[in-house]
Amino acid sequence: MASHAAHPVNPNFQHQFENLGQQYDSTTFGMWVFLVQEILFFGALFCAYAVYRSMYPGAYQAAASHLDITLGCFNTVVLISSSLTMALAVRCAQLGRNKGVFGYLAATQVLGFVFLGVKAIEYSHKWHEHLIPGKYFQFDGPHAQQAQIYFSMYFAMTGMHALHMVIGAGLLFFFMWKSWNNTYSTEYYGPIEIMGLYWHFVDIVWIFLFPMLYLIG
Amino acid sequence: MSEHAHVASKKMYFTIFGALMLLTAITVGAAQVDLGIFNVVVALLIAGIKASLVVLFFMHVYHNNALVKLTAACGFIWLIFMFAITFSDYKSRGWLGWPQTWGARGLGVVVPKPSHGSGHGAAPSHGAAPGGQPDAHPAPAHHDEPAKSPDQHKAH
Chain P
1 MASHAAHPVN PNFQHQFENL GQQYDSTTFG MWVFLVQEIL FFGALFCAYA VYRSMYPGAY
61 QAAASHLDIT LGCFNTVVLI SSSLTMALAV RCAQLGRNKG VFGYLAATQV LGFVFLGVKA
121 IEYSHKWHEH LIPGKYFQFD GPHAQQAQIY FSMYFAMTGM HALHMVIGAG LLFFFMWKSW
181 NNTYSTEYYG PIEIMGLYWH FVDIVWIFLF PMLYLIG
Chain A
1 MSEHAHVASK KMYFTIFGAL MLLTAITVGA AQVDLGIFNV VVALLIAGIK ASLVVLFFMH
61 VYHNNALVKL TAACGFIWLI FMFAITFSDY KSRGWLGWPQ TWGARGLGVV VPKPSHGSGH
121 GAAPSHGAAP GGQPDAHPAP AHHDEPAKSP DQHKAH
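Line order of the protein sequences matches chains P and A.
The first sequence: position 36 = 36 (the numbering used here), numbered continuously.
The second sequence: position 45 = 45 (the numbering used here), numbered continuously.
Quick caveat, the hints were computed from the structure, so don't treat them as lab data.
Treat the hints with care, since some could be wrong.
Facing chain P, from chain A, some residues (calculated, C-beta under 7 Å) [to be verified]:
no., residue
1, ALA19
2, LEU20
3, THR27
4, ALA51
5, VAL54
6, PHE58
7, MET59
8, TYR62
9, THR71
10, TRP78
11, ILE80
12, TYR90
13, ARG93
Note that beta-carbon positions come from the ideal geometry of N, C-alpha and C, so glycine has one too.
Modelling step: build the complete structure from the supplied sequences, incorporating the hints.
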């Protein structure tokens with residue numbers, strides 16, 4: 001990196017690092033450590049889901065049939081598409097194309113809100129069908145009591161996922177603003193890469209949620 | 001820094017996207033066919049392939065350094081530990097013929113009366129014989145948040 005000595009210092013270079021390369025490697029590593037924690041956080045929810053499913057497969061199946069596969073499938077397509085636009089935003093950042101970063105982040109944002117909108121419609125259906133666990137829960141058939149477990153898992157898991165989407169949307173707005181101000185270049189694009197890691201992780205959680213919650217009915 | 005940036009082609013990203021869409025269609029299709037226990041196996045296998053594609057190519061692990069590869073692998077290895085140890089507990093309950101109420105109480109499975117303190121009824125076995133229990137207790141008793149249950153169990 002001796003060649004950088006002659007260049008003016010990048011304003012985004014943080015002095016505690018040796019150079020921008022080390023800064024990039026350190027921040028990427030830090031994000032991965034955070035994601036490992038996220039894997040185990042969602043992993044615990046999946047584990048609880050699996051324990052109860054192994055006890056009450058019949059109740060899970062009956063309860064899952066109340067979910068709309070079409071909406072779930074639509075949301076899967078939307079979220080995977082948003083992962084594509086996110087990946088293309090990172091690619092633009094690597095090439096130093098700030099306008100491209102802005103455009104692809106905006107597309108990701110729109111797809112993210114479509115996902116959340118569909119999720120809101122699904123939640124409102126559950127509300128009207130009295131499928132919220134608790135005092136007013138109503139469920140026909142022999143598995144009424146155990147079906148509450150399924151719906152508790154459904155709301156805990158999709159709710160936590162949706163919360164991550166909302167946080168992601170806030171982060172996207174921030175990075176759209178930064179790219180609008182031409183922050184990124186071929187030597188400094190780490191934050192967009194890290195934003196991408198977060199967004200793809202949230203996508204992966206949904207990749208498992210969709211078959212586990214919707215497709216067993 | 002620019003020297004170690006690997007910029008993948010747009011074509012690669014669209015190819016991965018196409019593969020993810022195809023796998024989504026396959027998993028939805030496979031769910032319509034009754035394969036018995038293998039429905040879950042197929043669904044998990046396809047989800048695993050999709051997740052691997054995202055991790056390797058969208059998240060750039062494939063072209064990244066050994067530290068990142070190792071860290072990503074760590075997450076999944078610990079996930080396997082969590083499942084293996086948890087299920088070795090839940091699945092082996094009752095094997096030694098201890099009082100069945102031990103297992104049931106902690107899991108909140110059996111709620112004898114709607115106005116209960118902590119359930120202490122005689123429980124049908126569950127760990128040894130998993131299967132949807134018929135509606136033995138129709139009263140719409142309150143269930144605690146299931147996500148917390150593994151911890152609750154330890155508290156008992």
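Here's how the hints hold up against the structure:
1. At a threshold of 7 Å, the smallest CB-CB gap from ALA19 (chain A) to chain P is about 10 Å, leaving the interface hint violated.
2. Proximity of LEU20 (chain A) to chain P holds as hinted, the smallest CB-CB distance being about 5 Å (cut-off 7 Å).
3. Because the beta carbon of THR27 (chain A) sits about 6 Å from the nearest beta carbon in chain P, less than 7 Å, this interface hint is met.
4. Nearest Cβ of chain P to the Cβ of ALA51 (chain A): about 5 Å, under the 7 Å cut. The hint holds.
5. Evaluation of the VAL54 (chain A) hint against chain P yields a held restraint, the C-beta minimum of about 5 Å falling below 7 Å.
6. The closest approach between the C-beta of PHE58 (chain A) and any C-beta of chain P is roughly 5 Å, which is under the 7 Å cut-off, so the hint is satisfied.
7. With a least beta-carbon distance of about 5 Å to chain P, the hint placing MET59 (chain A) at the interface is held under the 7 Å criterion.
8. The interface hint given for TYR62 (chain A) is broken, as the beta carbon of that residue sits about 13 Å from the closest beta carbon of chain P, more than 7 Å.
9. The beta carbon of THR71 (chain A) is positioned within 7 Å of a beta carbon in chain P (closest approach about 4 Å), and the interface hint is therefore held.
10. A cut of 7 Å between beta carbons decides the hint on TRP78 (chain A): the least distance to chain P is about 6 Å, and the hint holds.
11. Interface hint at ILE80 (chain A): violated, since its Cβ lies 9 Å from the closest Cβ of chain P, which is beyond the 7 Å cut-off.
12. A distance limit of 7 Å between C-beta atoms decides the matter here; for TYR90 (chain A) the minimum to chain P is near 5 Å, and the interface restraint holds.
13. Given hint, ARG93 (chain A) at the interface with chain P, is violated; its Cβ is 11 Å from that chain's nearest Cβ, farther than 7 Å.
The earlier numbered hints that this structure contradicts are 1, 8, 11 and 13.
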